[in-house]
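A.B. asks: Given these sequences and hints, build the entire structure.
Spelled out, the chains give:
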Amino acid sequence: MKRESDLAVRRRTRRDWEEETLRPALARSPERLPEFTTLSSMPIERLYTAEDLEGWDPDEKLGLPGEYPYTRGPYPSMYRGRLWTMRQFSGFGTARDTNRRYRYLLDHGQTGLSVAFDMPTLMGLDPDDPRALGEVGREGVAIATLADMEALFEGIPLAEVSTSMTINAPAAVLLAMYLAVARRQKADWKQLRGTIQNDILKEYIAQKEWIFPPRPSLRIIVDMIAFCTEQVPNWNTISISGYHIREAGSTAAQELAFTLADGIGYVQAAVDAGLDVDSFAPRLSFFFNSHSDFFEEIAKFRAARRIWSKVMRHRFRARDPRSWALRTHAQTAGCSLTAQQPHNNVVRVALQALSAVLGGTQSLHTNSMDETLGLPTEKAVTIALRTQQILAEETGISSTIDPLAGSYFVESLTDRMEREALDLIDAIDRMGGIVPAIEQGFPQREIAEASFRYQQQIERGEKTMVGVNRYTEDAGQAIEVLKIPPSVEGTQVRRLGQVRRTRDPVAHGRALKDLVDAAGTGANLMPPILRAVEAYASLGEICGALKTILGEYHEEKTYF
Amino acid sequence: MRERGGGERKLRLLVGKVGLDGHDRGAKIIARALRDAGFEVIYTGLHQTPEMVVATAIQEDVDAISLSILSGAHNTLFPRVLDLLRAENARIPVFGGGIIPVEDILLLKKAGVQAIFTPGASMQEVVEWVRANIGPRAAGKEGVRRKRRLPSRSASPKTRRRSGRRKK
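Protein chains in written order, with the working numbering: chain H, 99 to 658; chain A, 197 to 364.
The hints are simulated quantities; they were obtained by calculation from the structure and are not laboratory data.
Ideal placement from N, C-alpha and C gives every residue a C-beta, glycine not left out.
Some hints here could point you the wrong way.
[As the list claims (entries may be wrong)] Below, computed lysine-lysine pairings styled on DSS-like, alpha-carbon distance capped at 27 Å:
no., chain 1, residue 1, chain 2, residue 2
1, H, Lys159, H, Lys408
2, A, Lys305, H, Lys581
3, H, Lys645, H, Lys655
4, H, Lys655, A, Lys206
5, H, Lys477, H, Lys581
6, H, Lys645, H, Lys611
7, A, Lys306, H, Lys581
[What the hints assert, rightly or not] Here are some, though not all, of the chain H residues that point toward chain A, as calculated from beta-carbon distances under 8 Å:
no., residue
8, Met217
9, Pro228
10, Arg229
11, Leu231
12, Gly232
13, Glu233
14, Gln438
15, Ser549
16, Gln553
17, Tyr657
C.D. replies: Structure, rendered in structure tokens:
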């Protein structure tokens, strides 16, 4: 008897509940909105129950931590074994200014370095180039020659830290400079740990710091992969990045799809060049945004791991499980921060960081509250770092692995995110892959469309930004803003002039000529780039020489 | 060859992205909002130098130039564009937007930038400002529609009226 009544209770379906319990309640007081959606406008149901996971097989969808399909995390012990790396991206002014900030961060418990380069460096231009006017040292550190790189890492033993460098179009040159500094420090290249972003495809899609056209750029990347696989085996050769795609205005599913499609593009290019997939795939890493919609972001991280493991195992036939596991860095969403009531940004960042950790990230950058106004002050960056330390050591979230697994809602959302991303990846495959898709402007258009739609939603009040379109205040909140002195440009130009005067002109000229010759053949470009760097050729000279052979990229100037 | 006169021709606006940074999200949204509001929009694309922007503006005979700057180089790039326009004797009003601190906005306005929109400004705000402040340029004449409440012709017409409120 008892058992039968239990069953009866269990058999009550969601429909029964909707009819008998919900409907009268809604008649008395309706819901706040006609429909609920995520930040990316993905529809959200009122309630998720076991019915949503009918036929859902946890062995197939989740697996176990450190095992295929890695939904629960790339490592067996996750944060119980080792906390995520707290890695604050920073760089400004001259190499010497940034070197001081790095030593400060290392002294305060930061566990890895992350180099932000200024715009001229990102574009492969020297500080005295007319296009660099006003930009030197402003959004990151200015690096023109090996002499600057030496100053940047002075007193920091490269064999002991792990360094991430956010550089793409001229990545090969900056990596060569890093290796040259390591060589001078007598550090073994085989011990160097770190990541170079080196993700040119997302530059055409979103961040837009390019030099060469897509195909020659891919050739350089494959050269770097081949070189590092042999000589710098612990270096992550590409950080395949969705962060910028999202910042440019994509939805979460677009971020996921375009990023993984870029990843597929790199693996395909390397395989086509004759590399064995398992020789390099374990050194590919990812970089995702952690935005404001809490569960949507968690689902995105989990879906990313599941899709990538299937792609690597089935599409590319990788046999090494390390090739299947997606490891990722995350950064909280810069575009979600507001100049209005800037202290609120501390709260946004904390919640976004929490999603990234619950999503299982391997390293994390938390933005500083003042980053809509300028580069962060030391005080603001310290609060951002403390936010991570509080999450890691006070909240208890790092005590168990993937704590949200099995949630009807989180699993349903993870599945939906996977489906939407796979549909977009299929569309890109039908265009012939990510390079033709970029050449046709497909991801660029999709992102511009999504970003315009979101702006309209903000202006119509359909989406909320506290302090911007709701709960606004007239009075400004005073906040300290970091000022970069305009003198940096002059200092940097003088420094470069000095290097040009004191280097050996014969060795310099020969190195650049060898580089151009190598670019004209199919030779690996890393060794001649290293020789040019060690002859103190500047970044602008090296990229300029390569441009003569590889060409230059020009975007299509459309805004819709 | 373009039609002149009638006073009702579409305003031609140049949306320029100067500087080396790739943050074109704002510029593209503004370009589209201005187009949807009925203006003719010429978008320069990324990584433009002040020289390139001014050359395009003159060649396209635009009624105003709007610049998007998020790289922190605004104190260099805005004045450079204004100087080049003056050197060309082209009286094209310049406004813009980006991550620009309050103190810099005041200086840029003194230098002759008509308006600066900062993060949080709506598309509607920008469109309304253009409607209220930009008029078709007759050759050689001041492009800014003179405001009735401004007592006299000014070399650098002020727009403080609106912007003071916008800054938080």
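A.B. asks: Run every hint past the structure and note whether it holds.
C.D. replies: Each hint, compared with the structure:
no.: 1; hint: H/Lys159 / H/Lys408; result: 11 Å, holds
no.: 2; hint: A/Lys305 / H/Lys581; result: 20 Å, holds
no.: 3; hint: H/Lys645 / H/Lys655; result: 21 Å, holds
no.: 4; hint: H/Lys655 / A/Lys206; result: 21 Å, holds
no.: 5; hint: H/Lys477 / H/Lys581; result: 14 Å, holds
no.: 6; hint: H/Lys645 / H/Lys611; result: 13 Å, holds
no.: 7; hint: A/Lys306 / H/Lys581; result: 21 Å, holds
no.: 8; hint: Met217; result: 4 Å, holds
no.: 9; hint: Pro228; result: 7 Å, holds
no.: 10; hint: Arg229; result: 6 Å, holds
no.: 11; hint: Leu231; result: 6 Å, holds
no.: 12; hint: Gly232; result: 3 Å, holds
no.: 13; hint: Glu233; result: 5 Å, holds
no.: 14; hint: Gln438; result: 5 Å, holds
no.: 15; hint: Ser549; result: 5 Å, holds
no.: 16; hint: Gln553; result: 5 Å, holds
no.: 17; hint: Tyr657; result: 4 Å, holds
Violated hints for the displayed structure: none, as all numbered hints are satisfied.
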